[in-house]
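Residue numbers (full-length UniProt numbering), protein chains in the order written: chain A, 1 to 66; chain B, 1 to 264.
Please keep in mind that the hints were generated in silico from the structure rather than gathered at the bench. Keep in mind the model is a prediction, meaning the values are calculated, not measured. What you were told as hints is all true, and nothing was included just to trick you.
Capping the alpha-carbon separation at 25 Å, the derived lysine to any residue pairs in SDA-like fashion look like this:
{"no.": "1", "chain 1": "B", "residue 1": "K132", "chain 2": "A", "residue 2": "D39"}
{"no.": "2", "chain 1": "B", "residue 1": "K103", "chain 2": "A", "residue 2": "V57"}
{"no.": "3", "chain 1": "B", "residue 1": "K103", "chain 2": "A", "residue 2": "G29"}
{"no.": "4", "chain 1": "B", "residue 1": "K29", "chain 2": "A", "residue 2": "R30"}
{"no.": "5", "chain 1": "B", "residue 1": "K103", "chain 2": "A", "residue 2": "T28"}
{"no.": "6", "chain 1": "B", "residue 1": "K27", "chain 2": "B", "residue 2": "P62"}
{"no.": "7", "chain 1": "B", "residue 1": "K132", "chain 2": "A", "residue 2": "Q38"}
{"no.": "8", "chain 1": "A", "residue 1": "K52", "chain 2": "B", "residue 2": "I55"}
{"no.": "9", "chain 1": "B", "residue 1": "K186", "chain 2": "B", "residue 2": "D7"}
Listed below, chain by chain, are the residues.
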Amino acid sequence: MQIQLNGEPYALPDGQTLADLIEQMALTGRRIAVELNQDIVPRSQHARTPLKDGDRVEVVQAIGGG
Amino acid sequence: MTTAVTDKPFTLAGRTYQSRLLVGTGKYKDLDETRDAIEASGAEIVTVAVRRTNIGQNPGEPNLLEVISPDRYTILPNTAGCYTAEEAVRTCRLARELLDGHKLVKLEVLADQKTLFPNVIETLKAAEVLVKEGFDVMVYTSDDPIIARQLADIGCIAVMPLAGLIGTGLGICNPYNLRIILEEAKVPVLVDAGVGTASDATIAMELGCEAVLMNSAIAHAQHPVLMAQAMKYAIEAGRLAYLAGRMPKKLYASASSPLEGLIR
Chain A
1 MQIQLNGEPY
11 ALPDGQTLAD
21 LIEQMALTGR
31 RIAVELNQDI
41 VPRSQHARTP
51 LKDGDRVEVV
61 QAIGGG
Chain B
1 MTTAVTDKPF
11 TLAGRTYQSR
21 LLVGTGKYKD
31 LDETRDAIEA
41 SGAEIVTVAV
51 RRTNIGQNPG
61 EPNLLEVISP
71 DRYTILPNTA
81 GCYTAEEAVR
91 TCRLARELLD
101 GHKLVKLEVL
111 ADQKTLFPNV
121 IETLKAAEVL
131 VKEGFDVMVY
141 TSDDPIIARQ
151 LADIGCIAVM
161 PLAGLIGTGL
171 GICNPYNLRI
181 ILEEAKVPVL
191 VDAGVGTASD
201 ATIAMELGCE
211 AVLMNSAIAH
221 AQHPVLMAQA
231 MKYAIEAGRL
241 AYLAGRMPKK
251 LYASASSPLE
261 GLIR
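Bound conformation, chain B alone (with noise of 0.2 Å):
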């Protein structure tokens, strides 16, 4: 294949990556499926939260990281399901203990059970303490333009709005404030949460993300593998298209055929 233009790698946190599909590990029907579904996404790097550990588990029971290994994928541990800056905090740095002084964290702090929407305030605090303590934080907030650039200026890696609500898969409700988010990027931008089909990571990566992190859209399939498969030519379609440039929207009609030559 022939490309005019030569795409500049997808760089965290100084590590480049083939993939611009991120994915989670949360929600599959057990975790053979996880991982096929993992797989078949091509994804690079894999979300996964901590949790306690079940007393009196059944000792032989395997565990994630045994299925999704750190020797291939990298692991990046989130805090899904903190609503306090204090817990957040908390999560990351067990998190840095589970996976032997890793850096790379996903940083979420929510404001709401029924939303799940971010609370932009302690998630600002959080931020603030992590990247103080050497964390390498890709952060997730709201598609509000002004605090994405807060994030950005306190130092988190990458900023990843959300298209839609956790779960919900509506697709990129707010398009444009994500142009603004874009237009002004200091450090990557990624979407994250609300992709509900292939067309919408399409449009994430048309808009100029550098990436997408998905997990219902995939785990919630009728076909989970199939759509992981799906997915990952989503995202390469869009970010083609991005770079190629889409043609200008017009109000009227231009032919395709050449005019001349016409029989009469």
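In isolation and in its complexed conformation, chain A is listed as follows (with noise of 0.2 Å):
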């Protein structure tokens, strides 16, 4: 299936949840935020929440700013 992520075109296996997505992007563990179709997905539901194609994600962090 092919998705948006961060508003670029992005190839992933059917069946693939959003936890997958974000262990092939080596964000494991790290401190991001998702965001799948503008709505936030809680970190405790990103295993239990499959893609399909045309899903638009937003994987987001902290950088310097003020």
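Got two chains here, each in a separate frame; can you build the complex from them with the hints?
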């Protein structure tokens, strides 16, 4: 399936969850926040949230700013 | 040290802070400099931006919150770079998830890239939504006393007018507007943006601000760690001077030494 990850097209196998995607990004256990189609998905729900074709995923973190 | 006047603590959202200096984390050379400057500033509240994680970045690359630990500092996620109420609200929701339900946010909705002036209409809209959703909103705004009042009435926990445009270091450009905002303040007023050097921070505190938030003045100094330390003292000096109450200004001289006993 093809999703939009942080505004870029991203391909991953069918049947994967948000947790699988985060693992592929090597971000498991890191301090991030995730939005799926503009709704926050709490950390505890990542493994229970299947992805589907066309989903828009945002993964954010804290960076330097004023 | 004995002081006749005991200062009331600086309190935000029910939490008390020793330091009245809040600092940003942008524009530093690297994370080591960020950490060292923040430590030297004595700040306890540190603002951070929320941005997309780079896909395919070095997996081992340290994350800002691993250097500026939420266990040690009160993290103040901000909505810098947002130009609509909707973007700002989304960013705050993401920040709350990022920081495990943390409610304190710095709301900033900008109008224009050249001035980074706040869009107060969008700011008011976002503030209403965020307050309803239970956020503790510290809000960046213009130095318009009417807007400042409206933001406090909506339920923002602190109002943070600019003293000058973000990143300009021009200092306290309109102390008179700040004085009006301070005079009728129902919530803490902090200067956010415009400070360029230590004396600017002192002036903000002498005017009666509860605290000052700054980033560029420290990060863009020739020696950021040294400037961070200067800012710490400047904030303390300004606060003490505010509590002490300055002498009235006079047109003519008034001798400091007694006139009696002069040799003739």
